[in-house]
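Q: Sequence:
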Amino acid sequence: MFCIAAFIVFAILSVFSATYRPLAAKAWHCVIRRVTFRPCDISFSDEVKGRLIGKMILTHPRWARFLDRWIDWLAFAFVLLSIWSVLYLAVAGLNLWVWGTCRPANVESCSLSGEACGVNKYQINLLDAVREGRIGEWTVAPFAQFAETVSRIPDRLRRWEATDFLPPTATYPLAKDPAKPYALEVLDPGCTFCRKLLSNIQSAGFENRYNFTYILYPIPDAKKDTGYKFAKSLLLAQTIEAVKMVSLKTNPKDIPPDWQLLEIIFNRIDPDGLDLQTKFNIAFTTEQAQARLKELLKEIGYGPADITKITRLAAGDDVAHSLSEQKEIVENRLRTIKIPTLVFDGRRYDRVVDVKTLK
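Residue numbers for the sequence shown, in our numbering: 1 to 359.
Please keep in mind that the hints were generated in silico from the structure rather than gathered at the bench. Please note that a few of the clues may not be correct.
Restricting the straight-line Cα-Cα distance to at most 27 Å, the calculated cross-link-like pairs of lysine-lysine (DSS-like) are [what the hints assert, rightly or not]:
1) Lys180 - Lys294
2) Lys253 - Lys224
3) Lys327 - Lys253
4) Lys298 - Lys253
5) Lys180 - Lys196
6) Lys26 - Lys196
7) Lys309 - Lys356
8) Lys327 - Lys196
9) Lys356 - Lys279
10) Lys180 - Lys356
11) Lys279 - Lys294
DEER-style ranges, computed between Cβ atoms [claimed, not checked]:
12) Pro271 - Ala90: 23 to 29 Å
13) Pro271 - Asp164: 42 to 48 Å
14) Phe146 - Ala222: 18 to 24 Å
15) Pro252 - Asn125: 36 to 42 Å
16) Glu331 - Pro271: 37 to 43 Å
17) Asp177 - Val86: 36 to 42 Å
18) Gly133 - Ala222: 16 to 22 Å
19) Ala92 - Pro154: 17 to 23 Å
20) Ile12 - Ile32: 15 to 21 Å
21) Ala92 - Pro252: 39 to 45 Å
22) Pro220 - Gly93: 27 to 33 Å
23) Ser111 - Lys224: 21 to 27 Å
The C-beta atom is built at its ideal place from N, Cα and C for all residues, glycine as well.
Build out the structure end to end from the sequences listed, making use of the hints.
A: Have a look at this one:
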């Protein structure tokens with residue numbers, strides 16, 4: 001193990017200084033002998049130990065004696081850590097290619113994930129595993145995650161068609177045109193990156209070139225009191241879905257009312273300077289959020305009777321069933337772990353897509 005550890009160290013040092021290249025070559029010769037089950041060159045080991053300990057014994061004799069005694073075990077530990085580091089880096093690279101993030105269980109913890117809200121999967125930590133007697137689950141979790149990553153490789157290579165994932169209640173900001181291709185976005189009304197993507201889509205005129213629709217997916221989070229990543233996501237999704245079921249008596253904008261409501265939630269900035277989405281996420285109580293939604297429905301053009309009907313539908317079984325169908329599409333067919341997810345032109349993007357790409 002000492003020769004292997006020495007080769008790793010001297011190979012790195014030789015990149016920056018030619019002084020270490022002869023030692024790296026000797027270490028490599030020793031490694032070759034090791035992997036072919038031949039004894040290592042003892043003189044090389046003694047040479048390196050002599051150089052290292054010889055300088056230290058004059059200034060730190062106690063440390064020199066300690067190192068002389070334990071250097072082989074330290075080299076063994078160093079090699080194991082090096083192997084673990086290489087494997088960890090390789091797995092992170094595979095995750096980044098397959099999932100678009102180096103940590104699928106916690107998307108936001110990876111700086112390379114891009115702009116997205118993570119659909120994080122809870123993984124038990126060591127302390128909780130010991131406390132709850134779930135050591136086996138904690139031990140197996142990384143291997144289960146790796147197996148899932150490998151199983152997703154075909155998804156990375158396939159062609160994605162929006163028409164394969166259209167929800168039964170899909171609506172479009174403009175009238176459907178059979179000559180246009182389809183595009184689909186998975187969004188959470190509480191996700192700021194979904195708001196940013198919709199802004200880019202509108203800036204690029206994307207909805208004019210595609211039959212563009214969306215899937216509502218309030219991101220679940222078992223650690224939150226509400227059960228969702230954003231406190232009012234479910235309420236917003238229920239209301240938007242209910243609006244699809246109640247037609248406007250007059251619609252001068254000729255835009256489906258659910259799209260009007262979604263755009264207001266994403267784009268409205270109140271006189272106090274705060275955007276409406278942020279208020280729904282962190283400022284409004286449930287009662288305040290419900291009252292504000294009723295105001296928005298009135299602004300869109302609904303009368304009192306229709307607003308009451310929408311409120312009732314939002315809490316009813318039909319909306320719950322529709323959202324459940326959309327959840328099934330996201331979790332079992334698209335299997336996304338990052339929101340927003342945009343599908344168009346045979347490709348899939350699990351992040352905010354820039355205006356240039358959308359044009």
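Q: Now, for every hint given, state plainly whether the structure supports it.
A: Against the structure, the hints come out as follows:
1. Lys180 - Lys294: Since the Cα atoms of lysine 180 and lysine 294 sit roughly 35 Å apart, the hinted pair is violated (cutoff 27 Å).
2. Lys253 - Lys224: Violated. Lysine 253 to lysine 224 sits at ~38 Å, over the 27 Å cutoff.
3. Lys327 - Lys253: violated (30 Å)
4. Lys298 - Lys253: Measuring from Cα to Cα gives roughly 15 Å; hence the hint holds.
5. Lys180 - Lys196: holds (24 Å)
6. Lys26 - Lys196: Not OK: lysine 26 and lysine 196 at ~57 Å, beyond 27 Å, violated.
7. Lys309 - Lys356: Violated, because 42 Å separates the two Cα atoms, which is more than 27 Å.
8. Lys327 - Lys196: Given pair lysine 327, lysine 196 holds - Cα atoms ~22 Å apart, limit 27 Å.
9. Lys356 - Lys279: violated (30 Å)
10. Lys180 - Lys356: holds (20 Å)
11. Lys279 - Lys294: Holds, at roughly 15 Å.
12. Pro271 - Ala90: 23 to 29 Å: violated (53 Å)
13. Pro271 - Asp164: 42 to 48 Å: For proline 271 and aspartate 164 the Cβ distance comes to about 44 Å; the hint holds.
14. Phe146 - Ala222: 18 to 24 Å: holds (23 Å)
15. Pro252 - Asn125: 36 to 42 Å: violated (55 Å)
16. Glu331 - Pro271: 37 to 43 Å: holds (39 Å)
17. Asp177 - Val86: 36 to 42 Å: violated (52 Å)
18. Gly133 - Ala222: 16 to 22 Å: Cβ of glycine 133 to Cβ of alanine 222: about 20 Å, so the range 16 to 22 Å holds.
19. Ala92 - Pro154: 17 to 23 Å: Given range 17 to 23 Å: holds, Cβ gap about 20 Å.
20. Ile12 - Ile32: 15 to 21 Å: Given about 19 Å between the Cβ atoms, the range holds.
21. Ala92 - Pro252: 39 to 45 Å: Violated: the Cβ-Cβ distance is about 53 Å, outside 39 to 45 Å.
22. Pro220 - Gly93: 27 to 33 Å: holds (28 Å)
23. Ser111 - Lys224: 21 to 27 Å: holds (24 Å)
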